[in-house]
Amino acid sequence: MATKVTGIGIVSALGLNANDNWQALQDKRTGVGPLVRLQTVHKVPAGEIEQTNEELATMLGLDAKKTYSRTALLGMMAAREAIKDANLDLNGKRVGLISGTSVGGMDLSEQYFTDVHNGKRAHLRNLFEHDCGASTMRMADYLGIKDFMTTISTACSSSANAIMLADRMLRSKQLDAVVVGGTDPLCKFTINGFTSLMILDQEQCRPFDDTRNGLNLGEGAGFLVLERDETAEGKPAYCNLLGYANANDAYHQTATSANGEGPFLAMKGALEKAQLQPKDIDYINAHGTGTGNNDLSEATAIGRLFGEEVPPFSSTKVYTGHTLGACGGIEAAFCALMLKHDTIIPTFNFCNPMQELGMKPETDVRKNAGLKTVMSNSFGFGGNVSSLIFGK
Amino acid sequence: MEQIYISKASTISPQNTFIADDFFNAEALVCESDKCPAVDPDYKVLITDAGKRRRMGHLIKMGVSTSLACLKQADGSLFMPDAMMSATGMGGLEDTEKFLRCIIDNDEQLLNPSNFIQSTGNTFGGQTGLLLGHHGYNVTYAHGGFSMESALIDAMLQLKDGSAKTALVTGADEITTTEYEAMRKMGFWRNGRQMGEGSHSFLLTNEKEGAVCELVDVKTKRPLNESAVDYINSFIGSNGIKAEDVDLVLTGCDCDYAHLKELEESTFSTFNYKHYCGQYATASGFGLWLGAELIGRGLMPAANGWEKKQARHIVIYNEYRMNDYSLMLLKHAL
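First to last, the sequence lines map onto chains V and A. Quick note: the first sequence uses the working numbering, first residue 1, plus one each step. Quick note: the second sequence uses the working numbering, first residue 393, plus one each step.
Check each hint, because a few of them may be wrong.
Derived SDA-like pairs (lysine to any residue); straight-line CA-CA distance at most 20 Å [to be verified]:
id	chain 1	residue 1	chain 2	residue 2
1	V	LYS43	A	ASP499
2	A	LYS634	A	GLU601
3	A	LYS577	V	HIS117
4	V	LYS120	A	ARG493
5	A	LYS577	V	THR67
6	V	LYS173	A	VAL608
7	A	LYS444	V	LEU197
8	V	LYS146	A	PHE660
9	V	LYS65	V	PHE128
10	V	LYS120	A	ASP499
11	A	LYS611	V	ARG171
12	A	LYS490	V	GLU110
13	V	LYS146	A	SER425
14	A	LYS490	V	LEU197
15	V	LYS120	A	MET578
16	V	LYS173	A	GLU656
17	A	LYS613	V	ILE145
18	V	LYS93	A	MET578
Covered stretches of chain A (in silico footprint by chain V; criterion: 3 or more residues with CB under 8 Å from a CB of chain V, positions within the stretch not fixed) [stated by the list, open to error]:
id	segment
19	395 to 401
20	502 to 513
21	520 to 530
If you want the ones that stay clear, here's a sample from chain V, every Cβ over 12 Å from chain A, calculated [what the hints assert, rightly or not]:
id	residue
22	ASN19
23	ASP89
24	ALA134
25	GLY380
26	GLY382
Source of the hints: derived by calculation from the structure; they are not laboratory data. Note that CB positions come from ideal geometry on N, CA and C, so glycine has one too.
Build out the structure end to end from the sequences listed, making use of the hints.
Take a look at the structure:
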């Protein structure tokens with residue numbers, strides 16, 4: 001059997017639907033800029049979505065006075081689009097929701113603790129959306145999904161790992177369709193967390209460039225609808241999920257090893273699962289955060305696996321910022337669009353190759369790229385690294 | 393289809409369970425207070441690196457300790473599982489809160505990254521992987537009362553499709569004052585409800601040799617729109633088991649007393665484990681540990697402790713905050 005991607009939904013700083021996102025990517029237009037909505041003392045650029053929670057709730061037809069975490073709202077919007085795109089009938093099939101998130105309802109927890117600090121009345125309802133699963137439950141209720149739901153929290157590889165479980169649930173026939181991806185909001189917690197680790201660039205991030213100096217954070221959600229080929233009969237599909245692997249770098253809680261052992265094992269494992277050779281990969285959507293450590297480690301691992309014939313690669317985090325638990329879902333949807341339109345979306349802000357390796361990412365939009373098989377990488381804290389392969 | 397066995401289990405809980413013999417040689421006493429802290433083992437012996445140990449919060453210490461205990465072999469070396477699945481409803485809540493308060497109290501200045509690093513949901517899974525030098529599959533589930541179940545479902549899928557031959561599954565949650573107080577203000581700890589904490593690790597394999605018991609199936613349901621008895625009957629029925637072949641239902645009821653009453657009045661023999669471990673997202677791990685040990689030791693609950701009697705099948709029924717309802721089915725491996 002094959003697992004088909006029959007629908008996608010994307011919400012990011014580039015726009016609130018897949019079309020707007022795709023248009024911006026083709027125009028090489030970034031969503032990363034000065035923070036406007038989020039109040040913080042840190043003057044860092046980020047991929048911020050301009051709408052407030054109330055505005056998002058209204059767009060979703062929800063009562064804007066009720067309490068929804070930004071995580072849940074972004075996820076609802078992307079998942080709703082994916083379901084509509086796939087023309088998925090929730091009644092006739094066993095449908096699951098598997099979501100990845102790193103901070104859950106942190107925006108509301110911040111409100112709660114800020115109110116406590118300022119001696120204001122702090123609403124307990126702001127605390128009860130805190131755990132990661134709460135955002136998924138709100139989404140499931142909104143979407144009407146009952147048959148299965150769960151949440152993965154492995155930092156920045158959360159939604160890539162969610163896609164792996166979705167495939168296993170489909171192949172074992174426990175489910176007929178899975179709405180799968182991830183969602184994460186911008187919040188003070190992560191801006192301060194990454195500031196404390198000193199890996200936020202004060203300028204726009206420059207993945208794989210020698211002068212790169214950290215990442216830009218972003219927010220958003222990316223969801224796919226995955227279906228088994230026999231239950232998705234006759235439906236148009238973007239691509240198939242061909243393979244995947246998760247490996248543990250087991251080097252450091254927040255850094256990747258110099259030789260990229262974990263990323264190497266994840267990419268190699270994904271190829272084995274897909275029964276493909278390195279030469280079969282036409283493009284790599286790299287994790288490419290723009291930190292000194294990540295990009296060198298990832299490029300080293302790519303070099304180890306692909307040798308002299310490194311396929312075109314790029315990081316789309318220059319457009320969206322690093323959306324943490326959502327990036328695996330958003331970038332999987334980007335890969336589906338690249339395959340559908342046979343177009344490679346490049347990175348930008350690249351001038352000088354890394355001294356250590358000299359590898360150059362794609363810097364121009366390449367149409368008619370001959371894309372048949374693409375790889376998408378997502379690496380997270382705790383050494384959790386994941387690689388997915390999609391193909392026509 | 394390949395059978396899946398629990399070859400080893402380890403638990404830290406509000407009971408004296410880390411050395412399981414001690415627990416089963418005594419009468420289990422229910423927790424008296426509405427806050428049931430875990431009985432901590434001597435972490436110095438278990439996590440010998442003092443520097444690492446000092447940086448670990450309580451959740452991570454518990455999670456790492458039961459994981460290592462499950463992997464420790466007779467000769468003292470550590471077994472390397474193919475895959476590791478972790479589960480936590482709340483993650484490193486203590487560290488999350490410390491970091492949040494630090495941000496707010498210091499106006500986003502003078503931040504210490506260590507609380508941020510420890511706050512992510514996958515810290516004890518990642519830390520265990522790091523301590524073992526484990527390069528295999530490593531994922532953490534964080535979905536309320538389905539966290540433990542999701543980790544088990546993933547492990548069972550991988551053992552069945554051949555992606556892994558062995559999997560370590562660990563679920564852990566910790567008591568924090570903020571969560572306890574918030575729930576208290578909601579009136580949640582009335583009616584005998586209690587907050588607990590703990591960590592529960594299971595080594596799953598395809599090998600029957602030396603197994604504690606067989607893990608037949610795990611199911612989650614939200615919402616539960618049928619009676620608890622009907623839920624159990626359709627679950628065991630889908631596994632080809634009749635009600636009379638189930639010797640015990642471990643009822644993890646904590647909120648919904650209608651379900652507890654219904655189960656106690658049914659034809660099933662029942663034992664409610666929630667007053668022994670308290671309520672937390674991964675408390676079903678305590679139920680799973682208790683069920684597995686009872687089958688493995690050939691014991692059943694009795695009036696003043698445990699009696700020698702071999703159960704064939706045990707069902708673990710768990711509720712979490714009137715929201716998440718799960719079932720697990722164990723079978724003896726004789």
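For a quick check of understanding: which of the numbered hints are violated here, in increasing order?
Hints 2, 8, 13, 16, 18, 19, 24, 25, 26 contradicted; others consistent.
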